[in-house]
Every structure is written in C-alpha cells, then in structure tokens.
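All chains, please: the whole structure from these sequences, using the hints.
Residues per chain are reported as follows:
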Amino acid sequence: MSNRYIGESVKRREDKRFITGKGRYTDDIVLPGMLHAHFVRSPYAHARVLSIDLTEAKAVPGVIAIYTGADVAAINGVPCGWQVNFRSGETMREPKHPMLIALGETAKHVGDAVAVVIAETKEIAIDVSEMVNVEWEELDAIASPADALKPGAPKVHAQFPDNKAFDWTFGNPIEEVDAAMATAAHITQLDFVNQRVVPNAMEPRAYIGSYDETADKYTLYTSTQNPHLIRLLMCAFVLGIPEHKVRVVGPDVGGGFGSKIYHYTEEALVTWASKQIGQPVKWTSDRSEAFLTDAHGRDHSSKAEMGFDADGNIVGLRIKTVANMGAYLSTFAPAVPTYLHGTLLQGVYTTPKINIDMTCVFTHTVAVDAYRGAGRPEATYLLERLIDLAALEMGKDPTALRFQNFIPPFDGVEQPGYQTQVALQYDSGNYHGILTRGLEMLGYADFRAAQAEAAKTNKLLGVGFSTYVEACGIAPSAVVGALGARAGLFESAQVRVQPTGKVSVFTGSHSHGQGHETKFVQVVADKLGIPMEDVDLIHGDSDTIAFGMGTYGSRSLAVGGSAIVKSIDKILEKGAKIAAHKLECAAGDLEYAEGKWTVKGTDKSISFGDVSLTAYVPHVYPAGLEPGLDFSSFYDPANFTYPFGCHIAVVEVDKETGKTTLTRMIAVDDVGNVINPMIVDGQIHGGLAQGIGQAMFEGTIYDENGQLTNGSYMDYCMPRADDLPMFETDRQVTPCPHNPLGVKGAGEAGAIGSTPSVVNAVIDALWSGGYKPKDIVMPMTPERVWLAMQ
Amino acid sequence: MITYPFQYKRAGSISEAVSMLADGAKALSGGHSLIPAMKLRLSAPDMLVDIGRIPELKTITVDGDELVIGASATHSQISESALVQQHLPMFAEGAGHIGDPAVRHRGTIGGSLAHADPSADWPAMVLAANSTIVVEGASGSRSIHSAEFFTGLFSTALADGEIITQVRVPVSAGAKSTYQKFAQPASRYAIVGCAVVKSAEGKVTVAFSGVSEAPFRDMAAENSLNNGQDVAQAAAGQSIMSDHYASEAYRLHLANVYLKRALAAVA
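Same order as they appear, the protein sequences are chains F and D. All the letters of the first sequence, read from the start, carry residue numbers 1 to 790 under this note's numbering. All the letters of the second sequence, read from the start, carry residue numbers 791 to 1057 under this note's numbering.
Calculated from the structure, these hints are not laboratory results.
Pairs of lysine-lysine residues, derived as DSS-like cross-links and limited to a Cα-Cα distance of at most 30 Å, are as follows:
1) K816/D <-> K122/F
2) K829/D <-> K122/F
3) K459/F <-> K1050/D
4) K502/F <-> K604/F
5) K22/F <-> K829/D
6) K966/D <-> K655/F
7) K772/F <-> K1050/D
8) K122/F <-> K799/D
9) K459/F <-> K966/D
10) K829/D <-> K58/F
11) K1050/D <-> K659/F
12) K659/F <-> K966/D
13) K655/F <-> K1050/D
14) K570/F <-> K600/F
15) K1050/D <-> K456/F
Derived coverage of chain F by chain D (criterion: at least 3 residues anywhere in the stretch with Cβ under 8 Å from a Cβ of chain D; other residues may be distant):
16) 119 to 128
17) 653 to 666
18) 703 to 715
19) 780 to 787
Estimated spans, in silico, between C-beta atoms of each pair:
20) P826/D <-> D212/F: 34 to 44 Å
21) E1003/D <-> A158/F: 40 to 50 Å
22) D162/F <-> A1054/D: 54 to 64 Å
23) A1054/D <-> I29/F: 50 to 60 Å
24) S833/D <-> T121/F: 19 to 29 Å
25) F403/F <-> S833/D: 57 to 67 Å
Keep in mind the model is a prediction, meaning the values are calculated, not measured. Backbone N, C-alpha and C fix where the C-beta goes; we use that ideal spot for every residue, glycine too.
This is the structure in structure tokens:
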C-alpha cells in the first residue's frame, strides 16, 4: 500500500482516445460481410396490424431479408428483471415485449417495431423500410396514467383491463401515519408531477449481431452498461441459447444514464438474424428513434403531505403516487418507483411515521425505467419541495426547519447506522455538516439582504435548498432478492499479475463515461505500491471477464472496486508466502509497502516484480503452493451506501417575462472517500446539469393520441453550457464503514439533489415578490413562471 | 437519418446558378435549414444547386447610402464585418445571436430570408431596416422591398427559379438600431424577436419575428410612436402564434415587453 495516487486528480487515461476521435464505439465496428438493419415502426401509439405487404420491398436489389412478427414467433418477448407483486398478493402483470408486432396484434407505443429490413447498406434498408406497406387500424390511446386509470379507458393489454401493472404500499401502516398526521399543527400538502424525461445519451443505441457457424457461437457488440446482464437476459429468457455460446462485448459506450442497462428487442433481433442470414447484422438508432424507443425516466404524479407539530417537528409523511410504466415493463422498471423510491422517503429527517401508496400503470408510451438516480430523485423531490414549502407556509427559515429535523450525525462505527421507517439502515451521515458548509459558501445572511433589495425591482432573487441522502452502491444480493430482483447485484474482479509484475485487472463493472480505466487503476497501483503505468484495466467483454453485473446505481467503485480490493488482498497474501520462502522467514514477519516485502526490522526485502516472476518460474518455491499470481473475487456488499449532500440554487427571475436565470449552484456532497477528485467533480457537474435540466428545460410532451410532440432537439430542450453558472462544489468526507475503500458513489448524486433546489429557488423568489405559488410544474418554462405571477 | 438520393451541382456564378435552377432544382446555400429537413425526409428535392460558393454573393460593401450584403454572406461574416458594425450595429449584434457557432459559420442571410421561417432572426431585422431584397431569375433581376417579401408561413415573393443575390439596407448617420430576442431555449429561434430602427430625426420602424405566421412590420405601433406617443401596443391586429412553449397570450405579452425594451435601447 502506498498513497501515491489515491486522492489525486490523475488525468483520465481514456480521454486520450476519446478526445482524439480514436474511441471505438459499436457503430465504428465494421465486420466482413456486415449487413444493416432498419426497423419499420408504428406511427401510432395504439394500432392493430391488419396487413403487411412486402411485395414491393422484397423486390429491391440489395435487400437480404425482411422479417415480420410471423418470422420471429418462436422468440420470446423481452421479460422484466424485477418482480413486485400487488399488495393483494396477485402476481405482477408482466407483458413481454415482442420482437415485432405480429399480424392482428397491436402496437402499444409510437415506435413499436412491426418489421425489420436487412440490406447490404443502411441507405437501402432505410429506403426499403418505407416500401413495407403496413395497414394499421388506429385505436384510442392513453399517454397519461391518470387517463389510464379512468373507467372505460382504452386498454394497453387486453388481459389487464384496469391498466395496472401492480400496486404497492410501504413504510409504517397507514393507520399509524393517519394517526400521526391527525396530531399535526400544520400539514403542507402538494400535488406533484415529476415529469417524464428522455435520457439522451450522446451515443445512440447500436448493436451488431454476428454468428460463427463453425463454432456455433454468437457475438453481440452492444452499446450497453452491462454486457453480462444482457447475455443472461438474452440467452436465458429471450433466445434460449446456452450462455457459453454467446459473447457479449460492450466496447466504448458514449453514455447511458440508465437507458443502456436494459435489454432491448433490437439487441436480440440482430443476434438472431445474424444466424438466419449467416452474416453480421448492425443496427444503429438515429436520434429520432432514440426519443421514441429508449426507455424514458421519472414520470410520477404524487399527492404528498408532510405534517408538523406546533414546534415545527415533522410528525408524519403520507404519499400517494401514480407511476407511469409505459407500455411494457423494462428490465428494472418495477424497482424504480418502489424499492429505489419508497425506501428513500425518510430522507435526512427524523420523520417518525411514513407511508407511501404506489400504483404503477401501463400507458401507450415507451417504457419508463431507471434514469440517473432512479427513484431517488423522485423521493428527494417530494421531501425537499415539501420542507421548503412548509417553511414558507409556516413563516420559518427553510434551513432552520431542516436543522431542527435532521437525523443527528452518526459515523456507523462509534455510533450505529440509522434505522429508517422505510427498511433501509443508513451507514453513516452528517447532514448538519453539509448544510452548515453550504450556507457558508452561500453567504446566507448577505443573500437574504440582497433578496430584500431585489424584491423592490423587476428582478426577483430566490434561494432554494435541497439536503438529500440516497442509497447506492447497489446492492446486497439477499436484500434485493427479497425485494423482487431476479438477479444478484454483486460484482466480480480478476487481478492477473503477469510474470514481470505488470498487472491486468478485469472488472465486471462497465465504463461508459465514469473513468474506470483511471480511478480503478489508481486503487490497484496504490494497493500494490507500483506505478499506474504497470496496471491496465480490461472491461466490457463477457469472454474476457468472468462475470459482471455492470454499471448503474453508482455502484462501480463501491462494489466493483471492492471486488478488486479482495483480489489484491489474495495476491498480497499469496505473494507474502512466496516472499517469505525467498527471504527464508515466516510470512508473518513480513510487511508490504512501496511494492516490496520487507522482513520487519531489517533491510532484507524482495520486490513485487521478483515475487511475480517467482510465481511463474517456481524453481525456488514454497512446497504445496500453486504457481501463478492471478485471483478472482466476487464482492457482495453488506449494505447500500448512502451518499448525501446539500445543493443550493440561487436564481434571478425576470418579473416581466418569467425567465429564470440560475446565477449560482452550490453543491456540497459527501460521497465517502474520494479516489480521484477530478472525476468526482466531473460526475457531480454532469449530475447537476441533468438535475437542473429537469427543473428548467426538459420534459416530454405527449398529445392526446400518444404522440411525442417534442421528440427532437429543436423542441426538447437539453441544458447547455450557457444555461448554467460556474458550479461551486465542495466535499465533506464521511467514509462508508462497510466497504474496504470507504467509498459511497458519486455518479447520481448531482442529479438526485439538484432538481428540487432549483424549483425551491424560483418559488422563494416569487414569494419574496409577494406572489405565493405552492408549485410550478417542471420544466419551469418562462411562461409557467410568468403565469404563477399573474 | 439519411436523405433520399439527390443530384448536386455547384454553381460558379449567378447566371450559372439561374440556368441550373431552371428545371425545378432547389437552391442550397448554407444548408442549415434545408439539409436537416432532407435528413428527416421532410424535404426531397431531386436536385440541389449549391450557390454558397459564388464569390460575388459573399461580399459586403457600402454603395452610396446603402449597405449591400451578398446573399451568401454567413451570419458570422456579417456579425464580424467592420462595415456592418459601423453602419448597422443591429445586424452585427443580431447575427451574433443566431443559432450556435456552427450554424453562424455555415448559415447565410439569403438562405434564411428565402426559407422564411417565421421565427428566424433576419426577417425582423431586414424589415425594420427598410431593406430591399434583390433577386435574380431567368427573366433577369428585380428588387423586392422587404415589406413585400414575406407572404406567409415559410413563403415569400420569390418566384420559381429565382435566387436572392443581395440585401440592400439604407444607412444614415445618427440612426440607432437594436434587435431584442426572447429565444426558445431548445432551438434558439425567436419566440419574440423585435427589431427597432430609430432615425436621427427620431422616426422609428418596428418589426417582429416569431410572433405571427409571417414576420411583419408593425405599422400600427410605428404610427403610434411616430405620432408622439411614448408607448405602443405591439402586434395589434396580428394573428399571434401559439405553441407548447408560448401561448398566444404570453407571446403577445412578450412582444409588448420586447418592444418596450427595444425602444429603451434606442432611446
């Protein structure tokens, strides 16, 4: 162990190839004889396939195959990976997503595929897809869950007439919460919409299926966050192929934000088609298809109430939410509104009684699944909006109200973890610390003085707070299994020491923007006391990596990194035996530091490189010890990790136009120990931009026919650099007590905490000007803000 | 997406362009409206005639009391032109707020005017500056006053086969001008774009983009302001657009706010 790299902002190794255009994404891969697929998609949200005429299309030179539902009838639809049953005990309703909508069946969202054209070039495939004549019977569609629950609503799946996928209750019994709320001196009540957003990874989804007849083996190149998970789902549940006959490669991947966790129909279809045709088949989504077919995020509608006693102490929280699941249940979809959301409703407060009632509904829209934060941003939004609004309503300071209700600091070592009312036990936290630091950075007293002056002008100032805690480092397998996960959520790592003492690290985590190739190597180099140049990271290939559950839920370092540490521990333990043999001492007499074993109290030592060579050239070697220095490990975390932080937004609102300018964004986050501060800052910055994007700019707009009316960058507004201020970030470090690195995870924190702070800031600005809106629906367009002042 | 197949020809001169366009081809200038529409397969011309590299269409000069801007001058070229900055700062400032840097380095004033997007920035500026648009076709050259040029949603007074060659803008000493824009945050097109030119004698001209289905000179507001009133109702009598970003009532409100701000900027 040395401390040469951990804690240093080592520049990202992977950036050299990304910045110079040398990244190798799926669409960059060209295989001999490769064909191109283009899908014929439903233009309607709900429509029956009456006929399909391929006569004209099949006659075009360069067309290799056109498949429709009849051709793929033997392939199973894509299943869901998480089961949450009705509170009545009824099994979750799980419509499989068919590869292609068959004759007589109905497409269930705009973009649902009905045929696929495979041709020699992409141009031919696209042109010919327009010649596939599909006769549709357009049917009534529903895009909003509220409409889906109305009596007589059109049915998304005929066999589920009430359009419910499942319902769910969590927390304290509702009778106890009702009783607690009955004692409240003040109840803040608010109806929320946490709107649907589109993940918008920079690289669209792309897949290549390739079949080797001689070995009877498939290779799938896929823009994914988790190659092994795709292999598991596709082999076992969809195509029925033994896993050893499928290699899944996730090469460079240009962002996912959750949307590339899931197994999609197009992935299985190109894999299957490559065997039918005997040539590789590539499909790359275009941006318009991405808007229509990538799993979306959020989409909750809630009625929420937070009760306070006369002193301002929270006495209860009661929430009823309807979540839009879309037309099918995507891979992790049922977990998002339930175990990743309901379990976070304790927040950072000592709320004694909490109940959430959740109804999850099918609509004629593309599936909704985890999107950066996944359930935790929705929970944070409810809590942090309620407490800021409660402060305004009760005439209290929003920071004082928070301090009063915070869970007291606990480190999880001297003090036990905090047992919430909603199942989780937080590992460690110091919520007073981060808000105190945030207020220092803000200059709170000065701000309030400036706000009072601004209230006399046309430019109102507002400040909004959000103090969040989240659960990541996903997740203990036994716990998630009990909650309905159909997989374990451990991670694997193999550390292979080469004979020269150079190290190859194989991780089941997948890097698609997180900087694993740098920060994992920082850990390995320091743990072994060797230069980073001596260590390489390998990821993303199911034939090379033993196993992997992939990257999501801010889990890579906490879970995947811990697996690497376990392997390093095994290497050092075995290395010590070899070293002891060479140094003619007992292993217990040795200490390891700076890349060598030294006999304690002497200058006798042997280097890591010499031990490595001895392991592979075992001429002088401990009796009974296997040669080689190569260890695999699986790490199953003991608990989730619980990062927390304080996000403070300062806005200026133009009274005449309603236009909001975000002038300051302060983020004090506690993500546990930090391996690479620059990478953590980058993650926080990106998360903040996405969280601010949801508050101010982003959101789908479906019309009454289920058409997405803003499915392009001309209409769907992504946040841009000039929309954002220079972020002011700082950190507090409360190590995770239950993993070897003490890390918690930073990938989602920015997106989890920031959104409510921005909305709270606009509400605060308006109240300072004498307007008293309780809510402004996101995204807070200028018109919506202006209307709140009329 | 990928466009439908099409033919491409590059014209080396105005006369060559006119002859190439005779058989129904579509003129391509900067291509920042046309090419995206073709990629989405919303537009499917059989033939494109590239007029973006004709040298005489790219010049910016002063001719007597007129600033003469070649139709293929890019937004960035206009924004950075010392002549434009000196004689008509509104054009330089306004051009600098079109789209993003990539759009400004490819998109042209002539292309924008011919496309006639109701929310584009150039129409309001060109209208308020009392410009004349010079066009050329098979039957020769003619001048169209800007007030006659925009005839509706994406439609102009250009005849088939005609291309814009110049925008001629009267300039006078002591005049002040401004373009004030409230941008749609995704597209950065104008929800409301208000251009005001005020002569040395204090007469104002007012024009709007983004408000109505065609950009327009606001004669009613001009009459009020030029007859001694300090404020005027914007867009009176106009049919106001509405979309999911700005309703009719909000857009009209913004038009009034931006007229007030533009007038303050030239006060």
